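Enquirer: Listed below are the residues making up each chain.
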Amino acid sequence: MKTSRIGAWVAIAIGTLYFLLPLIATFEFSLKMNRDGYSFEAYKVVLSDPGFQATFGYSTLMALLTIIVGILLVVPTAYWIQLKLPRLRPVVEFITLMPLVIPAIVIVFGYLKLYNSSSWLPLTGNDRATDFLLMCSYVTLALPYLYRSIDTGLRAIDVRTLTEAAESLGASWPNILFKVIFPNVKSAILSGAFLTFAVVIGEFTMASLLGRPAFGPYLQLIGANRAYEPSALAIIAFLVTWASMGLIQVFARNARGTRKSA
Amino acid sequence: MAFLTIANLHKRFDDHVVVHDFNMSIEQGEFITFLGPSGCGKTTVLRMIAGFETPTSGAITVGKDDITHLSPQKRGIGMVFQSYALFPNMNVTDNIAFGLKMRKLSSADISRKVAEVIKLVELKGKENHYPHELSGGQRQRVALARALVVEPRILLLDEPLSALDARIRKNLREQIRDIQRRLGLTTIFVTHDQEEALTMSDRIFVMNQGRVEQEGRAEMVYTQPATEFVARFMGNYNLLGAADAHKLLGLDIQGHMAIRPESIHVLDASANQEGALDATIRQHQLLGSIIRYQVESQGITLQVDRLNRTASDLMPAGTAVKLQISRDDMREVR
Numbered sequence: 001m002k003t004s005r006i007g008a009w010v011a012i013a014i015g016t017l018y019f020l021l022p023l024i025a026t027f028e029f030s031l032k033m034n035r036d037g038y039s040f041e042a043y044k045v046v047l048s049d050p051g052f053q054a055t056f057g058y059s060t061l062m063a064l065l066t067i068i069v070g071i072l073l074v075v076p077t078a079y080w081i082q083l084k085l086p087r088l089r090p091v092v093e094f095i096t097l098m099p100l101v102i103p104a105i106v107i108v109f110g111y112l113k114l115y116n117s118s119s120w121l122p123l124t125g126n127d128r129a130t131d132f133l134l135m136c137s138y139v140t141l142a143l144p145y146l147y148r149s150i151d152t153g154l155r156a157i158d159v160r161t162l163t164e165a166a167e168s169l170g171a172s173w174p175n176i177l178f179k180v181i182f183p184n185v186k187s188a189i190l191s192g193a194f195l196t197f198a199v200v201i202g203e204f205t206m207a208s209l210l211g212r213p214a215f216g217p218y219l220q221l222i223g224a225n226r227a228y229e230p231s232a233l234a235i236i237a238f239l240v241t242w243a244s245m246g247l248i249q250v251f252a253r254n255a256r257g258t259r260k261s262a
Numbered sequence: 263m264a265f266l267t268i269a270n271l272h273k274r275f276d277d278h279v280v281v282h283d284f285n286m287s288i289e290q291g292e293f294i295t296f297l298g299p300s301g302c303g304k305t306t307v308l309r310m311i312a313g314f315e316t317p318t319s320g321a322i323t324v325g326k327d328d329i330t331h332l333s334p335q336k337r338g339i340g341m342v343f344q345s346y347a348l349f350p351n352m353n354v355t356d357n358i359a360f361g362l363k364m365r366k367l368s369s370a371d372i373s374r375k376v377a378e379v380i381k382l383v384e385l386k387g388k389e390n391h392y393p394h395e396l397s398g399g400q401r402q403r404v405a406l407a408r409a410l411v412v413e414p415r416i417l418l419l420d421e422p423l424s425a426l427d428a429r430i431r432k433n434l435r436e437q438i439r440d441i442q443r444r445l446g447l448t449t450i451f452v453t454h455d456q457e458e459a460l461t462m463s464d465r466i467f468v469m470n471q472g473r474v475e476q477e478g479r480a481e482m483v484y485t486q487p488a489t490e491f492v493a494r495f496m497g498n499y500n501l502l503g504a505a506d507a508h509k510l511l512g513l514d515i516q517g518h519m520a521i522r523p524e525s526i527h528v529l530d531a532s533a534n535q536e537g538a539l540d541a542t543i544r545q546h547q548l549l550g551s552i553i554r555y556q557v558e559s560q561g562i563t564l565q566v567d568r569l570n571r572t573a574s575d576l577m578p579a580g581t582a583v584k585l586q587i588s589r590d591d592m593r594e595v596r
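From first to last, the protein sequence lines are chains A and B. For reference, each letter of the first sequence is one residue, going 1 to 262 in my numbering. For reference, each letter of the second sequence is one residue, going 263 to 596 in my numbering.
For reference, chain A alone in the conformation it holds in the complex:
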């Protein structure tokens, strides 16, 4: 009993070190820009760089668009699967998992092949169209996370009976979806949204190959040309991700209080 507990603590300690040491080292290095001691000089430089502001702003906007489009695509789909076509659930789950299996670079080359400027649907001809294509590719990348969290949320409420109750009270389908279903899977939607945000903010392949000024390629550019700033950026990116994770926890906990009823 005693020895097994010690073993567990050792395992946890090794895991923590494995995870934290590189982070601490990165953080420590990012503070060393000034020769005469620790300072936040690298952060100051990074945050005041117009390139950082522009790319981070661009990626944030893309993330928000991705979240909106993704939710509007996934919630009705998952709802309909649960309500009317439960037999299709394995198929849809398989499709939503594909972006995890197919490398982003394969997907993006597929896009370029299908939607290049001489294709039947040219989406690479101008910046707005390419932004649209990039947003669609982000929706694809976010599918596994969005679908899973929303499907779990829908399973936790009695979708069928709630729908029937609303129907018998005269509610139209948009009303059922937006007044009954959406509000009751709000916390699941938010978890999916924050995961999507974290995924999109750091994405490199799609944005780089579609030639859009996103945060991922900027990270790569700085990483290739500067010494201290990449470490600062890495820490900033981590903080954004962690903030998203933290918000998921907060919303999940709040939801538990109101979820008990049916």
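It should be emphasised that the hints constitute simulated quantities derived from the structure, not laboratory data.
Here are the simulated DSSO-like cross-link-like pairs (lysine-lysine), alpha carbons at most 27 Å apart as the crow flies:
id, chain 1, residue 1, chain 2, residue 2
1, B, K336, B, K326
2, B, K375, B, K386
3, A, K179, B, K375
4, A, K179, B, K336
5, B, K375, B, K388
6, B, K386, A, K179
7, B, K363, B, K381
8, B, K381, B, K366
9, A, K179, B, K366
10, A, K179, A, K84
11, A, K179, B, K388
12, A, K84, B, K336
13, B, K509, B, K584
14, B, K363, A, K179
15, A, K186, B, K388
16, A, K186, B, K366
17, B, K432, B, K381
18, B, K336, B, K363
19, B, K363, A, K186
20, A, K179, B, K381
21, B, K432, B, K388
Just so it is clear, the structure is predicted and the values come from calculations on it, not from any experiment.
With chain A's structure known, arrange chain B on it following the hints.
Expert: Using the frame of chain A, we list chain B on its own:
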């Protein structure tokens, strides 16, 4: 002219027939109960009336409108579910107001109607509570109010009391019946509990395996079961097969003989009554106001109910008695 008519209703899921040639016509203001074991098709019929299932064939008519293929939204039929189905994101007021908002009533009308119905179901003071803050009985009253407030033509109740504990169940069933009478609301109630069916209904449809076994007024179905199934389901009937009926009573019958436990009279062993059967008490069960005895006569065990008047009345196991059964209290069933 009947208010709700169902003609030749069939429902098949894949190759499994769930409802078999169901026919019914009910008058405005009637309280109807579908009674039967789970899987007998009663809920499927209810869901077809509500519009959640499409009949394989047959027709459902309300007044002059054929509603067989109408969407649930357009039927004007209210429904209360066993699982309450309250919207967890809305408080009591918003849950009740939902149907009125869908009908785009003015907010003044909505608050007036909601206040009225909240008074009707006795939920005053709970207006701002959320479903998870209410007890089961209160939740079901919210669900009832939500269905009533839109003034449906027909109210459907799908085992609304099954998830509640015994005391609340009794209380709520009286309240439902009272409200139904006051509003003159045509109501169909689905249950597997014969006591609920007997206490609440004007008419009962006893269902088994997708068919109606018997329909009739509550007191009729109880005292005059038409089939062996109804006799078994409705009461604690003693059912004697043809051989036993011949041996014990000297009667030749085709199906079964049903005898209610309370209609058998227990006499002293010394009584000199013509036609009385010699019998022995085997055991007893106290059911509160009555005592149920297992009594054996010629190797056949019968259940006999007696009023539990005083403790000294109790007859211990082994007591020799005579039983008298009047021919009027026996009923031959298919």
